[in-house]
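Q: Residue-level listing of the chains:
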Amino acid sequence: MRVNPNYSADMINLMDQAQQAEDNAAQELSTGRRVNLPSDNPAAEASMIGENSRSAAVDQYTANSDSLTDVLNTANSTLSSVNTLLQRAVSLGVEGATGDMNQTDLNSIAEEVSNIKSQMLSLANTSYAGHYLFGGTANSSAPYVADATNPDQIDYVGNSQQNKVQIGTGLSVSANLPGSSIFSQSGANVFDALQSLVTALQAGNSSAIATAQTSVSSALSAVGTAQVFYGSTVDELSTNETYLSQEKLNITTYENTLVSADTAAAATNVTQAETALSTTVAAAAKMNQVSLLDYLQ
Amino acid sequence: MGLTADLNVSVQSLLASTESMDVTTTNMANMNTPGYARRRVVLEESAPSGDDQSSTGVDVKTIQSLRDSVLDLSINANTAQQNLNSTLSSSLAPIQVEFSDTATGSIGASIDSFFSSLQQLSTSPADASLRSGVLTAAANVASSFQSTASAVTQAQQQADQSVVESTGDANSLLQQIASTNAQITTAQNLGQSANSDQDQLSSLLSQLSAIMDYKTVNSSDGFTLTTANGVPLVVGSKAYSLTNQVNSTGFNSVYAGGTDITSTIQGGNLGGYLQARDQTLASMSSQLDQFAYQFAQAVNSVQTAGSDATGNAGAALFNPPDTTSGTATGAASAIAVALTSGSQIAAASTGGASGDGSNLTNMLNLQSQEVINGSTPTDAFSNLTFEIGNTISQANSNATATGNILTQLQNQQGSIEGVSLDEESSNLLLYQRSYQAAAKVISTVDTLMGNVLDMGVTNPGY
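Residue numbers (my numbering), protein chains in the order written: chain A, 1174 to 1470; chain B, 182 to 643.
Watch out, some of these pointers could steer you wrong.
[What the hints assert, rightly or not] Dumping the calculated EDC-like pairs for lysine to aspartate or glutamate here, alpha-carbon to alpha-carbon at most 20 Å:
1) K1290/A - D1278/A
2) K242/B - D203/B
3) K1337/A - D308/B
4) K1290/A - D1365/A
5) K1459/A - D603/B
6) K242/B - E200/B
[Stated by the list, open to error] Only some residues are given here: those of chain A computed to face chain B with a beta carbon under 10 Å:
7) N1179
8) N1186
9) R1206
10) P1215
11) A1217
12) S1220
13) N1312
14) N1336
15) N1349
[What the hints assert, rightly or not] Quick look at which bits of chain A chain B covers, simulated, 3 or more residues with Cβ under 8 Å:
16) 1207-1214
17) 1225-1232
18) 1235-1246
19) 1303-1311
Everything labelled a hint here was simulated from the structure, so no lab data went into it.
For every residue, glycine included, the Cβ atom is placed at its ideal position computed from N, Cα and C.
Using the sequences plus the hints, can you model the full thing?
A: In structure tokens form, the structure reads like this:
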């Protein structure tokens, strides 16, 4: 069979292919990615879009958890102070209810309980980054204010709403507990209980002091329940963050299998392509050196 | 039989050798000429002469062009396919960057950031700086739609420009083909060789196949060139000129003698530009419009169902707002943020307090809802990534595949039509020897005739 005498097109084609293979492998090595453009691997790139989105969501869930943890910890430590103060009020009530004290002593105890009440008001109006922690979602102004007509009575002006924050796909936690579930539950109102204790102490009525002290105790246990909410939510966030970091790792690993360079293979490919190219070039240079014309005189 | 007859045979032989050497020279000279097929002299015994019919000289019967027209046709068809695919790929390449997962300002990335900013806001719904963060993220979503849409439009306009240029190129080739065709017909009618014209025609057809696909039909008037579906481009010596005309989409259509052939061009650069402009990019453009429109609508409908920081009903976050007309055309390039202050973000449900973030939950749920033609926003973007990537990747592999076929065919063509210097050199040697032999015979006959004439001369001159 007759052979195509014009082999240069073939040679150029082979050189192009070797050059292309070398370029691809070198690009893989330099970018660290096997897939750089959608056309390199459309399915992998399409998956990458989804994975990037998941990854961004996981980052955001983690950020949400972080900022929420700060808020909840602040609320929790506030409630710890509330707890300590109420315990002090309970023991003051127990002291006053013994009937062994004269009215002067009772008055000074009443004074201390009254101070506790004021501190309680300031704690209940604790704010974080400009927003009140215990006002429900009406958190732009102080949730507890002295009643206009009866200054001894503390009114709750917040609402009973809770905000939800997503900390995972389809997973959200309450970001706050309204004051109505902590300080001013019906039957366990902290301010009412403290005020009744103050009034009973000032009146020197032992049985009224004992009743008021019982009210303060129930308010104390209501605060304890609220503390459980904050503590367990912080725990949940911490557990969730561990899960999120694992999730992030999974996503990264999967992304790597989708698009990352196989460095060893790419390095081998560069060498192979380089060899192919130099052989082709060497062959092309050797060809056409002999012609029948050389021998014809 | 006689010396005179020998002389005649030798002269014929000299002429045949000369003509053969002419052909060899032509072959050697045109070894690199595009469209040239090697020629060879076809020799035949001439009619016998002499008393006993024993003297038989040589005649040049014809000069044959070793052209395989079926192979040429198949090479041209493959060239048209290869060019279509490589042009399609290179026309789309500039916009695929917009859909890459590493593109920082891509639609997908900005939508992710938008939802992240809403997430952040949900941790503290009354926070003014987080609210303006949402507005900034929304503005980024709008500008990513705009820049992607403008990249697509730009690619379409470039393809359109190239359509006009390619039409001009094809047009001038068609004119040349028609006049070459006329020359071939004339030569054939005169009984002359049309080899050179055929070579030229072959070169022109091969150039045309790089621009567009076509069909050829041989007829008594030379041949007819038509589009794949039979619209005539060249009939005999007449070329139907190709013209451009701006159509309803604002781009140029291609007309052949008054017939719109835009959709019938399925090969060559022209076919590639048209496919990129009218199919892939047009579909991208309308999908982006749908995407932008439906995304804006989905966000707006949640936004308007809630209350903003001042307790007012939420206003639409994006322009274009909800319309009943339902047309999305141009939405991707027109989308913009309609709100001016972060406090207008309707984080709260209707009547909610300023710190209420319950409407944000509905907004965040959009991320996993199939609000864009049955896909989530992320999936909608990822579908576009796949579509553009897959179109380019398929065009690339088609171009490579046809390239490989083309290499095979061209090798085959070369083995039939290609000029080999070694072969020509050895032929040259043969013709040289045969010329020398004929010359030798002539000088021998001359000597013999001299001897005869000298008979009876006592003192010949030697």
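Q: All hints, please: hold or fail.
A: Checked hints:
no.: 1; hint: K1290/A - D1278/A; in the structure: 18 Å, holds
no.: 2; hint: K242/B - D203/B; in the structure: 15 Å, holds
no.: 3; hint: K1337/A - D308/B; in the structure: 15 Å, holds
no.: 4; hint: K1290/A - D1365/A; in the structure: 9 Å, holds
no.: 5; hint: K1459/A - D603/B; in the structure: 17 Å, holds
no.: 6; hint: K242/B - E200/B; in the structure: 11 Å, holds
no.: 7; hint: N1179; in the structure: 5 Å, holds
no.: 8; hint: N1186; in the structure: 6 Å, holds
no.: 9; hint: R1206; in the structure: 8 Å, holds
no.: 10; hint: P1215; in the structure: 3 Å, holds
no.: 11; hint: A1217; in the structure: 9 Å, holds
no.: 12; hint: S1220; in the structure: 8 Å, holds
no.: 13; hint: N1312; in the structure: 4 Å, holds
no.: 14; hint: N1336; in the structure: 5 Å, holds
no.: 15; hint: N1349; in the structure: 9 Å, holds
no.: 16; hint: 1207-1214; in the structure: holds (count 6)
no.: 17; hint: 1225-1232; in the structure: holds (count 5)
no.: 18; hint: 1235-1246; in the structure: holds (count 5)
no.: 19; hint: 1303-1311; in the structure: holds (count 6)
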